[in-house]
Amino acid sequence: MELLKRTTKASYKDLRDRDLVRYFRKKADEAAFNELMNRHQAKIYSYIYSMINNPETANDIFQEVFTKVVTKMDDTYNEQGKWIAWVMRIAHNATIDHIRKQKRYIDVNSWYDDDDSRSDYFDRMTDESWVDADEQLVEGETKSSLMAHIAKLPEEQRTVVLLRHYYEMPFKEIAELTNVSINTALGRMRYALINLRKHFEEERQHEFKHANKR
Amino acid sequence: MQINDEDCIRYLMREMDPSEEIEFEREMMSNENLLIEVESLRSTYNKVKKLPLKQTPAEILNKVKEQAVSDQQKRLRSSFKLIGWFGKTVAVAATILLLISVSVYFIDFGTLTSSPAQTTVISAGTVQPWVDRNEIINISDRTDAVQAQRIGAEYEKSYEKLIPVNKVDEPSNQRQGVLLTSSPVNN
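For the protein sequence lines, the chains are A and B, in the order given.
The numbering of the first sequence is this note's numbering, which starts it at 4 and goes up by one.
The numbering of the second sequence is this note's numbering, which starts it at 182 and goes up by one.
Next up, chain A with everything else stripped away, as it sits in the complex (with noise of 0.2 Å):
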């Protein structure tokens, strides 16, 4: 019996996302949504976490992304499509409106001024490169201040270097998904990396200034 399970379990792993959604759809087979959630839940959250920059509503937009998933499935899944590729736009659609329904009353940007909230969100990254103590610190400053960095570029910016980053997504596909042209959202990505570079000095000058006063 174990080594029936454990048959089954390495056959999932060798399966592909197509066919393991199809045993979902057809069984609601738990091990087929298992083994694709373990495949592709921390990009997904990790896109919409980097989006929202607020791990309450993180989850919260998480569950209702699933929720859609699996009632839109049986009606707009095209199965010849990458099943990741539909679910990273329900995704973004997801967190886009999320954005734009508190626009008004939510500087999405406030959440990198509180430490605590920041070490709230390295508390639960898991890193194993990460070898000793000092080491995991410097590390964690500067992922820490990439991600301030990233939060400080506009909504368009963000959404175009987190979907190349989290999903290795073709800017064709980008472009699809943003609406827009895919020479914009090269553009988009480009004005992304120089007001990061821009935003990289001016931290190295804070920095500097800093230990010079020391």
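Some hints could be false.
To be verified - Output of the computed footprint for chain A on chain B, the stretches with three or more beta carbons under 8 Å from beta carbons of chain A:
(1) 233 to 244
(2) 248 to 260
(3) 268 to 275
(4) 324 to 332
As the list claims (entries may be wrong) - Restricting the straight-line Cα-Cα distance to at most 27 Å, the calculated cross-link-like pairs of lysine-lysine (DSSO-like) are:
(5) B:LYS246 x A:LYS46
(6) A:LYS16 x B:LYS246
(7) B:LYS255 x A:LYS85
(8) B:LYS269 x A:LYS85
(9) B:LYS269 x B:LYS255
(10) B:LYS231 x A:LYS155
(11) B:LYS228 x A:LYS29
(12) A:LYS30 x B:LYS244
(13) B:LYS230 x A:LYS85
(14) B:LYS230 x A:LYS175
(15) A:LYS85 x B:LYS231
(16) A:LYS104 x B:LYS244
(17) A:LYS30 x B:LYS246
(18) A:LYS30 x B:LYS269
(19) B:LYS231 x A:LYS75
(20) A:LYS201 x B:LYS230
(21) A:LYS155 x B:LYS228
(22) B:LYS255 x A:LYS30
(23) A:LYS175 x B:LYS269
Stated by the list, open to error - Computed footprint of chain B on chain A, listed as stretches where at least three residues anywhere in the stretch have a Cβ under 8 Å from a Cβ of chain B:
(24) 84 to 98
(25) 167 to 176
Simulated from the structure, these hints should not be mistaken for lab results.
Just so we're clear, the structure is a prediction, and the values are computed from it rather than from any experiment.
Quick reminder that beta carbons are idealized off the backbone N, C-alpha and C, glycines included.
Using the hints, position chain B against chain A.
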């Protein structure tokens, strides 16, 4: 090669064709500003690549998994019910349709077989005879051979009812109005 701002990004993100890449690299070798621009963008992009992957909190992940499986099971159950109901409806409708078709067939068949004489009379009534230059009634080319023969026989029979007038000088009130107009039949 004409270089656009977007080409630097296409080159960095490896979205150029191999031939375009070679052209772009050649251009970079001859244009120092372009080289600096590309290397600066590359350096910033390498920092972006360090963005961490964020794991979904376990409780949220479990909740999503349970909810998804339970929702899908419900959907499947309801679709099976719908298919069952639809199947039963189709079966009942098909049976009713079949019964109606069979009854209509038997009713029609019974009508056709019960009154052949009436049918022939009706069909004979529709034949339009015509009279040729010799004043002979023709019907053979207006209907089929069998019916033409039967109608011909009826005409023949009708001649037998005619009584020849032997005494022309004795007028009879009864026969005064009778005038035989057809030509003599060739025997």
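Each hint tested on the structure:
A count of 9 residues in the stretch 233 to 244 of chain B with a Cβ less than 8 Å from any Cβ of chain A is obtained; the coverage claim is therefore met, three being the minimum. Only when three residues or more bring their CB closer than 8 Å to a CB of chain A does the claim for the stretch 248 to 260 of chain B stand; here the count is 8, and the claim holds. Counting residues of the stretch 268 to 275 of chain B whose C-beta lies closer than 8 Å to any C-beta of chain A gives 0; at least three are required, and the coverage claim is violated. Requiring three or more residues with a Cβ within less than 8 Å of a Cβ of chain A, the coverage given for the stretch 324 to 332 of chain B is violated, as only 0 such residues are present.
With a C-alpha separation of about 16 Å, the suggested pairing of B:LYS246 with A:LYS46 holds against the 27 Å cut-off. For the proposed pair A:LYS16 and B:LYS246, the alpha carbon gap of about 17 Å is at most 27 Å, so the pair holds. Our distance criterion of 27 Å between C-alpha atoms is met by B:LYS255 and A:LYS85, whose separation comes to about 25 Å. With a C-alpha separation of about 37 Å, the suggested pair B:LYS269 and A:LYS85 falls outside the 27 Å cut-off, and the hint is violated.
Restraint check for B:LYS269 and B:LYS255: satisfied, since their Cα atoms lie roughly 21 Å apart, inside the 27 Å limit. Of the pairs offered as hints, the one joining B:LYS231 and A:LYS155 holds, with about 17 Å between alpha carbons and a cut-off of 27 Å not exceeded. With a CA separation close to 43 Å, the supplied pair B:LYS228 and A:LYS29 exceeds the 27 Å bound. Of the supplied pair hints, the one linking A:LYS30 and B:LYS244 holds, its CA atoms being roughly 19 Å apart against a limit of 27 Å.
A hinted pair counts as satisfied when its Cα atoms are at most 27 Å apart, and B:LYS230 with A:LYS85 qualifies at roughly 23 Å. With a C-alpha separation of about 20 Å, the suggested pairing of B:LYS230 with A:LYS175 holds against the 27 Å cut-off. Distance restraint check for A:LYS85 and B:LYS231: the Cα-Cα separation of roughly 26 Å lies within the 27 Å cut-off, and the hinted pair is therefore satisfied. Distance check on the hinted pair: A:LYS104 and B:LYS244 sit about 25 Å apart at the alpha-carbon level, within 27 Å; holds.
Between A:LYS30 and B:LYS246 the alpha-carbon distance is near 15 Å, which keeps this suggested pair within the 27 Å criterion. For the proposed pair A:LYS30 and B:LYS269, the alpha carbon gap of about 24 Å is at most 27 Å, so the pair holds. Pair hint B:LYS231 plus A:LYS75 does not hold up; C-alpha atoms about 34 Å apart against a cutoff of 27 Å. The hinted pair formed by A:LYS201 and B:LYS230 meets the criterion: a straight-line CA distance of about 17 Å does not exceed 27 Å.
Between A:LYS155 and B:LYS228 the alpha-carbon distance is near 16 Å, which keeps this suggested pair within the 27 Å criterion. Straight-line distance between C-alpha atoms of B:LYS255 and A:LYS30 comes to about 11 Å, which keeps the hinted pair within the 27 Å bound. Distance check on the hinted pair: A:LYS175 and B:LYS269 sit about 49 Å apart at the alpha-carbon level, beyond 27 Å; violated. Only residues whose beta carbon comes within less than 8 Å of a beta carbon in chain B count, and the stretch 84 to 98 of chain A has 0; fewer than three means the coverage is violated.
Figure legend: the stretch 167 to 176 of chain A, annotated as covered by chain B; annotation consistent (5 residues with Cβ-Cβ distances under 8 Å, at least 3 required).
Violated hints, in rising order: 3, 4, 8, 11, 19, 23 and 24; the structure is consistent with all others.
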